[in-house]
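Undergrad: Work out the full structure: start from the sequences and follow the hints.
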Amino acid sequence: MSNVLPESSPVKQRLTGVDFKTWGPFIALLALAILGVLINPAFLGLDNLSNMLTRSAFIGIIAVGATFVITAGGLDLSVGSMAAFIAGVMILIMNSLVDQFGPGLVTVLIGVGASLILGIGAGFINGLVTTKGKIEAFIVTLGTMGIYRSLVTYLADGGTLTLDWNVRDVYRPVYYDSLLGIPIPVWAFLIVAVTGYILLNYTRFGRYCFAIGSNEKVAEYSAIHVDRVKTLTYVLQGICVALATMVYVPRLGSASAATGVLWELEAIAAVIIGGTVLKGGHGRIWGTVVGAIMLTMIGNILNLTDAISNYLNGTVQGIIIIVAVYLQRAAWRTPGP
Amino acid sequence: MTMSGMKKTLAVCVSTAALGMPMMASADEYTIGVSIPAATHGWTGGVNFHAEEAKERLEELYPDVSITIATASDPGEQANDLEDLVSLRDIDALVVLPFESGPLTDPVRRVKEEGVFVTVVDRGLTEDGIEDLYVAGNNYEMGRVSGEYIRDELGGEGDIVVLRGIPTVIDDERVEGFESAIEGSDINILDMQHANWNRDDGFEVMQDFLSRFDDIDAVWAQDDDTALGVIEAVKQAEREDELFIVGGAGMKDIIERVMEGDDLVPVDVLYPPAMIATAMDLTVQHYMSNGPVVGEYILGSPLITEDNAEQYYYPDSPF
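Chains G and C, in that order, give the protein sequences. Just so we're aligned, residue 1 is where the first sequence starts under the UniProt record's numbering, counting upward by one. Just so we're aligned, residue 1 is where the second sequence starts under the UniProt record's numbering, counting upward by one.
Read the hints as simulated data drawn from the structure, not as lab findings. Every residue, glycine too, gets a C-beta built ideally from N, C-alpha and C. A couple of the hints might just be wrong.
Every beta carbon over 10 angstroms from chain G, so not counted as near; a handful from chain C, in silico [said to hold, decoys possible]: (1) 45; (2) 77; (3) 136; (4) 180; (5) 205; (6) 259; (7) 266; (8) 293; (9) 311.
Think about it this way: if two alpha-carbon atoms lie no more than 25 angstroms apart in a straight line, the pair counts; the simulated SDA-like pairs of lysine to any residue are [claimed, not checked]: (10) C:235 <-> C:261; (11) C:235 <-> G:165; (12) C:235 <-> G:187; (13) C:235 <-> G:104; (14) C:235 <-> C:189.
Computed footprint of chain C on chain G, listed as stretches where at least three residues anywhere in the stretch have a Cβ under 8 angstroms from a Cβ of chain C [unchecked claim]: (15) 256–265; (16) 306–312.
TA: So this is what it looks like as structure tokens:
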């Protein structure tokens, strides 16, 4: 590999080909979409595309938050359980308010507000224990992951928490309705992504995230409040989980111990596929967005064909994820310093 | 059928308790260990609920019996639970619903070698002759009853989709039974995909089936959690009128719909989590009854229709 290095100067790279670092995820997505069409033309159906994008919104919104956490050198494994827990509490709160406020907008708004407060609180706890407690993020969030998962199981008595039918009717449009032909969850995803993009690339907070992720000590000596910024990334993650939950609950109106299982790994995978570096210091919001869509697309394509044994779904997913990241990293290595 | 069976057992319990009490005096005390999977999804949630109910009921009925319930979230943990039940609780009998058949066969055998009476529930061990008592639903039958209903309802021809469970023996047996029931008819399975007995997966897989196939006459969701996801997907696509859905297990939300005569979910097929209670009853009977209580007890998988739904309805159960 090293003897190739001198030949590929940055100038030549610009002339010969695309910048894989930036465009890798988009190219992979496009390739996957073409594969989808070849496998089954129904893939391009308007219904299918809208279903798929709507589905990707949950993981996508969470992954935008995860981009900040990972860029700043952290990790949050608790997001899936947190989503289940928030969804559960939200449902319980809304059900208990029906008597008082009726199954109207007020009940739903209080539920949504509660979800936001829980998200901020849960993120704050993760951040505080990680920074002030000086415990690795992996351990802290592994702990909270177990805590939230068992709490939702406890709240549901091991079964399923179901939203009151009348409240459901009021809340349902948040998942199923469209604005200007685009489903509301997709709007939510888009708004979160744009906000995240601005926050990460055009604000001091974003630059601090990059700095801390690159080298925490140097950042500290540069008078950055490392603990504060890191805690803030977890709070941001919590907010994103809350937002994802807000669009998740109206879909099936229920939460159980099976809700959000492995979402944390999907979110992290989306972030990495998108070109963010797992050890921190470099983040890309649009890459994350593409990563989340890609993960959903793989599942969708597998459902559209019976050519591949169902038992092998995981294998296909694994291969596509690794290839997608390889495409990007292969180009990442060659240009040299 | 099962309900009346259970009631009969109960009646027998009461009478033997009255007769047997003086003989046992205070010398005999029975400790029964119950090892079940933690409530990781709806069905196991039901198992936990019914196990707790049965424990309360049996302990009240028989002051000499004490029951310990241990829940495990994976096969390894369950194996540890079994060791603890023997060494710490000194159990006389074990009621175990194995997480997975393979990995738990040996741990259960070791319990048996300690001289404990062993009742295995739902998932059979991979080796014969370990358990004294086997209580289970019939997965093959469950699939067959579902297939038969769909075949008859469609008049022997039509296009259907199947949402399978988690890839396990249970799922295989059900699908085998289902396929045997529709064999020879003109029922065409458009595709089968795994929805893992999960509501979200059921929703997503069904969405994709709906965008892929323009004409679906029936859906076999195999599980009530999956069925609830399927219902939402069908509603979203506004295709409620062209098809019906058959779930399975006996979840209260689905039973409610069946009771109300919902056209989309006209029936359900029983695979009751309450079988853990049946097993606990029978295990206690091994000590209390004057008849032999060993062998195999296979519960039926009756079709739940609008007419008989009420007897399978447990409004207090979380499942």
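Undergrad: Could you run down the list of hints and mark each one as holding or not?
TA: Hints and how they fare:
With a minimum CB-CB distance of about 3 angstroms to chain G, residue 45 of chain C fails to clear the 10 angstroms threshold, and the non-interface call is violated. Every Cβ of chain G is farther than 10 angstroms from the Cβ of residue 77 of chain C; the closest lies at roughly 13 angstroms, confirming the non-interface assignment. The Cβ of residue 136 of chain C lies farther than 10 angstroms from every Cβ of chain G, with a closest approach of about 21 angstroms, so its non-interface assignment holds. With 10 angstroms as the threshold on Cβ separation, the claim that residue 180 of chain C sits away from chain G holds: the shortest Cβ distance comes to roughly 20 angstroms.
For residue 205 of chain C, the shortest C-beta to C-beta distance to chain G comes to about 6 angstroms, within the 10 angstroms cut-off, and the non-interface label is violated. The beta carbon of residue 259 of chain C sits about 15 angstroms from the closest Cβ of chain G, which is more than 10 angstroms, so the claim that it is off the interface holds. With a least CB separation of 20 angstroms from chain G, residue 266 of chain C remains clear of the 10 angstroms interface cut-off, as annotated. Consistency note on residue 293 of chain C: stated as away from chain G, and its beta-carbon is indeed over 10 angstroms from all of that chain's, at 29 angstroms minimum.
For residue 311 of chain C, the shortest C-beta to C-beta distance to chain G comes to about 20 angstroms, beyond the 10 angstroms cut-off, and the non-interface label holds. Our distance criterion of 25 angstroms between C-alpha atoms is met by residue 235 of chain C and residue 261 of chain C, whose separation comes to about 17 angstroms. At roughly 15 angstroms between alpha-carbon atoms, residue 235 of chain C and residue 165 of chain G fall within 25 angstroms of each other, so this suggested pair holds. Taking the CA atoms of residue 235 of chain C and residue 187 of chain G, the gap is near 22 angstroms; set against the 25 angstroms cutoff, the hint holds.
Between residue 235 of chain C and residue 104 of chain G the CA atoms are separated by roughly 22 angstroms; this keeps the pair inside 25 angstroms, and the hint holds. Straight-line distance between C-alpha atoms of residue 235 of chain C and residue 189 of chain C comes to about 22 angstroms, which keeps the hinted pair within the 25 angstroms bound. Requiring three or more residues with a Cβ within less than 8 angstroms of a Cβ of chain C, the coverage given for the stretch 256–265 of chain G holds, as 4 such residues are present. For the stretch 306–312 of chain G, the proposed coverage by chain C is satisfied: 3 residues have a C-beta within less than 8 angstroms of a C-beta in that chain, meeting the threshold of three.
Violated hints, in rising order: 1, 5; the structure is consistent with all others.
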